[in-house]
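Visitor: Listed below, chain by chain, are the residues.
Protein chains: 2
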Amino acid sequence: MINYFSSDFKLGILGGGQLGKMMLYETRKYDIQTLVLDPSAEAPCKISCNYFEQGDLMDYDTVLNFGRTADVVTFEIEGVNIEALKQLQAEGIKTFPSADTLEKIQNKAIQKKFYSEQQIPTADFKVFENLEQLKNAVEQDEVKIPFVWKSATGGYDGKGVSVIKQKEDLETLSEGECIAEELVPFKNELAVIVARNPSGEKKTYPVVEMEFHPTANQVEYVICPARIEESVAEKARKTAEKVSEAFQHVGLLAVEMFQTKDDRILVNEVAPRPHNSGHYSIEAAYTNQFEQQVRAILDLPLGNTDSKVGGIMVNLVGSEGHEGEVVYENIEEIMKMDGVTPHIYGKKITRPFRKMGHVTIVNKDLSEARKIAEKVKNSIKVISKKD
Amino acid sequence: MINYFSSDFKLGILGGGQLGKMMLYETRKYDIQTLVLDPSAEAPCKISCNYFEQGDLMDYDTVLNFGRTADVVTFEIEGVNIEALKQLQAEGIKTFPSADTLEKIQNKAIQKKFYSEQQIPTADFKVFENLEQLKNAVEQDEVKIPFVWKSATGGYDGKGVSVIKQKEDLETLSEGECIAEELVPFKNELAVIVARNPSGEKKTYPVVEMEFHPTANQVEYVICPARIEESVAEKARKTAEKVSEAFQHVGLLAVEMFQTKDDRILVNEVAPRPHNSGHYSIEAAYTNQFEQQVRAILDLPLGNTDSKVGGIMVNLVGSEGHEGEVVYENIEEIMKMDGVTPHIYGKKITRPFRKMGHVTIVNKDLSEARKIAEKVKNSIKVISKKD
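So the sequence lines, in the order shown, correspond to chains X and B.
The first sequence finishes on residue 387 if you use UniProt numbering, and the numbering steps up by one all the way, no holes.
The second sequence finishes on residue 387 if you use UniProt numbering, and the numbering steps up by one all the way, no holes.
Don't take every hint at face value.
Identical copies carry no separate label here, and so any pair may be met within one copy or between two of them.
In silico lysine to any residue, SDA-like type, Cα no more than 25 Å apart, as pairs [claimed, not checked]: (1) Lys375 / Glu201; (2) Lys336 / Ile2; (3) Lys135 / Glu177; (4) Lys386 / Asp299; (5) Lys348 / Ile2; (6) Lys386 / Phe5; (7) Lys10 / Glu333; (8) Lys371 / Pro301; (9) Lys10 / Lys46; (10) Lys385 / Ile2; (11) Lys386 / Ile2; (12) Lys336 / Gln248; (13) Lys371 / Ser319; (14) Lys10 / Ser40.
In case anyone wonders, no lab produced these hints; they're calculated from the structure.
Based on the sequences and whatever the hints tell you, model everything.
Guide: In structure tokens form, the structure reads like this:
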């Protein structure tokens, strides 16, 4: 058994954003040495790691040379150089999740084809090499409007996804490989995080539910446990486990799913890392997702994924019309509320819709937590400093 | 209202040990800038703070110059230069807890006299300027054996406290001002943490109980909530609140108490900072003691002190006969157990009885947690590396 604790062992993390930052709370708790690579000198991970390197995550040599200084390499963002990961694995440096898994996930066209091959339920789709091919297919009625357009690569935080409701919408799309996906009318958007370690031990978190704003098409609350029938929750967890198994995934896999009007479960997409839908677990779960990620990739025993209390997460995103040095207006107001914990990611500059932090609301009574969450949402505002 | 979050505000922390380290998880969560002063270049706080300075906490100039670079100054250890704190306060730099409070607590003779003056129940005692005076008093039967000897200053982690059972024991004591205290037969040793902010808002944690080893005179488990009658718990909390009020204390005050055979509550001593008896709160409480300390000293609203689940804490101390590079034997075994979280403080070298970390066990059923805690205690061992 490797001695990770207060030892010379080094975990290399590609990416130094908020997910890495929250993972570092756990490596500090276990006193595991960490190295972080990130393109920004202002990365949230810059302090709390043992060694920080500024560099390009997509550059082969940068990633390779960085990885060679670590004993195990992981990532907190999908946009990393896969060839470098492959070379590191060839040199005997453990890389979790593996380059192979990441390759299947990084490109959404490959990801969707993988689901088809593995008989994992997903919305019907067609792949196009470029935008012109897609336009021709629409012209010839092979793809019917409305549909969902997804860029095969580079999509993040809602970018690279668009609902095409009329022909003119095609003109707003960016170039490159893409998918046209059936627009599925759904009851709920759900997510399940599955943890798996190299020894094959597996633990599954409860189903969470994304509650959307009644008019704006935006997730307002992530709620755990999802307020759905037990049979549907069971189906969602089983589906997520099947996806994790199919990828032979090591670490956390966040599986986003639709619950259709007729209670089918369709896999939307996955993220091979800690995920926004698991942030509630820091305050609510016996083992939070970041500790679980550390346990999983280091082949340590996995922790209990149950919740101690009900949890709701609200994202803190930059308000429209505000760009500049950040101020969290009314943060003191929400800190007065019962079971409320703000998490501030440490980005100095706010911009409209930029993810700046999140707030967790926990309560033994989930409906009480939901009421407090609404008060939180209506109180705190991410704005820029007045000069 | 001061903007602490992702701003230029700086919190200075005197001391960079494990208490500071755990407080830094919270300042990182809130993105509050921190400066840490500690004599050791290997201090657990060295990473995770924004600026680390190596220096003597008892040196007037070092503490003063360090404090001048901060907006608010606090400490995680009592042994700091009080004159420098006074000067900082005179210069308008907020220091919480205040120099005045710390002065009353740093010296146990002054602390005990303060309880007498404030009519706070405490075991009977006599103060002696030096060891010779104490020996004379014993000779003249003014102090009756058995009694408890306590050094007025410098006591820490059981050092500076001794039970005198026979005259010969007097020869083992160190020189200096001291107290002779009545040896009170007690049912339970209890502790309560009270949080108070500069605005006077106050929140009190549940009573915890120290469970001793049946033969060795050593605390084995800190258990929350204490398994005592509600009326006794209420009395203990009220007493702790009275102590906090008397000190006009800002920040956390951990009040250690005895429950006597006839259910009186006697104050033993206090610590003006996060405390070993509150470590359970990281996993068990709605607001852990370190987050509460940050909220309190920055005059932010205090968080809910209730527990989500039952919590038990086991200290990880260096095993006898082991000195050298640390290894946490069987840590993987305890990580398999339900609701178990190890905390490793990050000290590279173990020594007999050195505090190297702690383990928290949480469970909805406290008696189940207690069973698991015993398994933890019997499994993990802090030893030195074999060459």
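Visitor: Does each hint fit the structure? Answer for all of them.
Guide: Now for the hints, and whether the structure bears them out:
{"no.": "1", "hint": "Lys375 / Glu201", "result": "between (40 Å within a copy, 22 Å between copies)"}
{"no.": "2", "hint": "Lys336 / Ile2", "result": "between (44 Å within a copy, 16 Å between copies)"}
{"no.": "3", "hint": "Lys135 / Glu177", "result": "within (12 Å within a copy, 89 Å between copies)"}
{"no.": "4", "hint": "Lys386 / Asp299", "result": "between (49 Å within a copy, 23 Å between copies)"}
{"no.": "5", "hint": "Lys348 / Ile2", "result": "between (39 Å within a copy, 16 Å between copies)"}
{"no.": "6", "hint": "Lys386 / Phe5", "result": "between (46 Å within a copy, 15 Å between copies)"}
{"no.": "7", "hint": "Lys10 / Glu333", "result": "between (41 Å within a copy, 22 Å between copies)"}
{"no.": "8", "hint": "Lys371 / Pro301", "result": "between (36 Å within a copy, 20 Å between copies)"}
{"no.": "9", "hint": "Lys10 / Lys46", "result": "both (16 Å within a copy, 17 Å between copies)"}
{"no.": "10", "hint": "Lys385 / Ile2", "result": "between (48 Å within a copy, 13 Å between copies)"}
{"no.": "11", "hint": "Lys386 / Ile2", "result": "between (52 Å within a copy, 14 Å between copies)"}
{"no.": "12", "hint": "Lys336 / Gln248", "result": "between (44 Å within a copy, 22 Å between copies)"}
{"no.": "13", "hint": "Lys371 / Ser319", "result": "within (22 Å within a copy, 50 Å between copies)"}
{"no.": "14", "hint": "Lys10 / Ser40", "result": "both (21 Å within a copy, 23 Å between copies)"}
In this structure, none of the earlier numbered hints is contradicted; all agree with it.
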